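Colleague: Fit chains B and C to the known structure of chain A by using the hints.
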Amino acid sequence: MYILSAIIILTALGLFLGLSLGIAAKYLRVESDPLLEKVEALMPGSQCGQCGFPGCRPAAEAVVSGSAPVTLCPPGGTSLVEQLAKLLGVDVDLSQTKDAEPMVARVSEDTCTGCTRCFKVCPTDAIVGAPKQIHAVVADACIGCEKCINVCPTECLQMHPVEVTLRDWRWPKPMAAA
Amino acid sequence: MLALFENPRLRGGIHAEEHKTETSGVPIALDMPLPKKLYIPVQQHVGKPAEPLVKVGEKVLKGQLLAYSQGTISAPVHAPSSGLIADVLDFPAPHPSALPIRTIVIETDGLDQWTPIQKPDDPLALAAEEICALVGAAGVVGLGGAVFPSAVKLDLGRKNKIHTLLINAGECEPYLTCDDRLMQERASEIVTGIRLMLRGMGAPEATVGIEDNKPEAYLAMREACAEFTNINVVQVPTRYPMGWDRQMLRYLTGREIPADGRATDIGVVIHNVATAHAVYRAVCLNQPLITRVVTVSGSAVAKPQNVEVLIGTLISEVLDFCLVDKSRVARLIMGGPMMGDALPISEVPVVKACNGILALSEQDIEIPEVKPCIRCSTCITACPVGLLPLEMASRIRANQLDAAVDLGLKDCINCGSCSYVCPSNIPLVHYFKFASGELYKRQQMDHKSEQTKRLMDDRTQRMERIRLEQEAEARRVMEARAARAREQELAKQQAQQAQQSISEAGNKATAEEVQ
Amino acid sequence: MSIKPVSGPHVVAVRSVDSIMRKVIYALLPATAWGIFIFGWPALYLCAVTIFSAVLFEAVCLKLKGVAAAPYLRDGSAILTGLLVVMTLPPWAPWWIGVVGAAIAIILGKQVYGGLGQNVFNPAMLARVALLISFPIEMTTWVNVKPILLGPGIMESLSITFSGLSDLDGVTGATTLGAVKTGFSVHQTLPGLLHDYSAILAFIGWERGSLGETSTLLILLGGLWLIRDGIIKWQIPASLLLSIALLSSLFHLIDSQHYLGPWVHLNSGAVMLVAFFIATDYVTSPNTPVGQVIFGAGCGALIFIIRSWGGYPEGTGFAILLMNAVTPLIDHYIRPRIYGRYRNGKPIDVS
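Residue numbers (the working numbering), protein chains in the order written: chain A, -10 to 167; chain B, 97 to 611; chain C, 35 to 385.
Think of the hints as simulated: they come from the structure by calculation, not from any bench. Honestly, I wouldn't trust all of these hints.
[Claimed, not checked] Below, in silico cross-link-like pairs of lysine-lysine (DSSO-like), each with a Cα-Cα straight-line distance of 30 Å or less:
1) B/Lys549 - B/Lys588
2) C/Lys380 - B/Lys255
3) A/Lys15 - A/Lys27
4) B/Lys549 - A/Lys109
5) A/Lys27 - B/Lys506
6) B/Lys506 - A/Lys75
7) B/Lys422 - C/Lys38
8) A/Lys162 - B/Lys132
9) B/Lys133 - C/Lys97
10) B/Lys132 - B/Lys144
11) B/Lys544 - A/Lys27
12) B/Lys257 - C/Lys97
13) C/Lys380 - B/Lys537
14) B/Lys544 - B/Lys144
15) A/Lys75 - B/Lys549
16) A/Lys162 - C/Lys57
17) B/Lys544 - A/Lys109
18) A/Lys27 - B/Lys537
19) A/Lys162 - C/Lys97
20) A/Lys162 - C/Lys38
21) B/Lys132 - B/Lys422
22) A/Lys75 - C/Lys380
23) B/Lys144 - A/Lys162
24) B/Lys506 - C/Lys38
Only a predicted model underlies this, so the values are computations on that prediction, with no experimental measurement involved.
Here chain A stands alone, though its shape is the one from the complex:
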């Protein structure tokens, strides 16, 4: 008798809770679209393609759908990873992500032919020049997407690490305790 009542009560409880969960899932669902907008707004927006997606919008879609990790964007760095993780509520071991050393493109003046191909592909207009004139890279605007490297016919564009100056020198992370 006791067993019977226990079974009945538990079954009823289970049915009730399951039903309420189902109703909640149906009526209290959070629309996922604003999330996509937010994620895309966080992305650098340079459509550089270093993540393997054809641009920031597809990358954002992949991140939101969970098919790509939040660590997919090299130019965004740790800061982006942290923001994305917070937004999407995922746990990321930040000690594992490492900022890639920032790089900028530089034109080697000996081999530049002034073909203008590079500044046509530059997403941030960081390369200045005119046909038959040697081009130059504005280091401040360069995002290191390497698009220009791929189109240069004479390989006169190379990536160089950003030079550290007294103004932006920073203390390195101390060695962790053994």
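Modeller: Leaving out everything else, chains B and C in the frame of chain A:
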């Protein structure tokens, strides 16, 4: 109940081995030989770097302006001695990275000839604005180590209602005695400087706070102030970091400066005691800031003493003057042992911020073995700000910088009290410096990504415009072509019609002829 | 630049983890020596076995973690844990009680959390509670006081520790707290229950009890020495002892037949050891002075509650573990006020 544990006037802090007696009894050496070359960085202050106005090869006199201040927060630099401008180049800076900074090099001619100077007849009768202008033109900056342009501070003081000028003579860092000696030897000049500052800000009274481990300096200052009732000289307990201006203010007034504000918010301006002396020189003697007193000490120094050094002298030459055994130097420090920077090389110039040069040997700097944190909370007791260093460091170790900021990382003053007391020798301050730098870097990266977005938008807009223009152009061409084609068609038709009419006419004619 | 930049401060205080642990061990030695003196050779053997196995387990764990064991063993934390464990054991407990206690303390109490500084619960108290629940007979067999030279000899003691006690009744009895609890359960009342209780002997430590817990005097001296040397702070011991004293006085005044007075509470069981050496454990106690006062008062109140109304005669172990569990909460809410800010973190308003 809570109040019992809160708001003590003196919070946290440590008492390290002082090592002050080695130099506090020795007079300031004025006989340092004139260096062959002087290296004057154009930025020795907080704010924008000064802009050089001398050319290579030009002859300059002692005290002549070398680079003028740019913008509101900046300070000029002057020639510390007479000679030729040998070069303007990038030279290693006195900084833990020893990265280069723009530096003017003077080859001294040994004459040490002053540029003509006009001394004011009665400096204490000058108008407040004039005093500030003179201080600004002399390149005086805060000599306690913060190197904030003093004239800016005086102006700020004049614009806000100030009731007290606090002169910080705490000198709480171990080893350092330059302010101590300065007060012992030049108390009356300092007092004149303080009076000038009061006049420059229109402030009624001044308080000089001196740590109680400097009784001679205290007595000398008392005596020099005896006739000025509006200048109080008080002793404060010896407890690092008493020289942190906000700590001294809290001790002397019981009030705190808001975390997001300045001392002027509560009617106080704080200047260092050595700055007062520089103000005296700038106004009364019209001499720019071209020398400063530097404590040279540490167990690798055979002749520890305070030296009045020309700005721009290489630290290696100062070390030679004080007979430093270079083979024994395990660490070279600019400033005090708590907050000073370790310099990787000694071929860097003495700058306005340099209040001490310490050549420490192996025995002074224990190379500590880092152990895990045992949460002994000694660092919390030692923190003068009221932070939780151990919690902050553990967050930073896991790269959770935002969590560290929530715990108050931005209120940290890097005083080093926590690292000093840590039994596990965790480099807490290093973590905080790293995190602050990293935060700054992230901020810059955010700026950059915003800029990138703007550039991208501009580009897409431009592309769009070009595309529209091209389309319009293409349409125009097409239209033009179509118009031309129509015209041609029309012309053809007309020609045909004409021909037709001609032929009709011909036919008619023929017909008529036939008829 | 090839040289790695070194950050200040360039001088450090001379205190180190090793020296802290060493001093705590020194402070515990008089009370331990007293325990060995009044309970004889078996107590000494138990100490040796427990401390040795604590160090052994520590070494094995470090080996498994793949780190060099030597520097961690040298810091003395394993020895200290072993010592604290054995001090809370009945002096004539069999050897395996010591080994199991050391294993629980080192492996479950400390190393599974990640080692030194990472544990949530005090390892020694965890071991004590686990042993008490698992082996109630062995953990509540209290031998009579019999100074080392009058008790069993060196060889005879070996068999007591290593092959168990054969005749229990002649040499064992109840502790004060145990006797009182049993008496209450058969409707006896105070002061009759305490007819052979001597306040002075309890203070000196001439009574049945755990190996290192009996002497209030010696533990108090060791604790005061640590406070004087700045190894521990006064907040936790003071608030813990005060809260027990206040609560027991209050209830003793209300009903002196059913509630022990403050003197008995403070001088029996593990209260003194806990107040100065266990509750003050850096790792498992709050960081801030205010938090420490709350923690100490909480421990004291729980000890009194468990002793007075709980099923066990002694409640220190449970009290400490419960308060350890709330320590992160205390640390989260009790933070020091930051310069120039209100307690809530907003900058102070001067306008």
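Colleague: Are there hints from earlier that the structure breaks, and if so, what are their numbers?
Modeller: Violated: hints 1, 8, 9, 12, 16.
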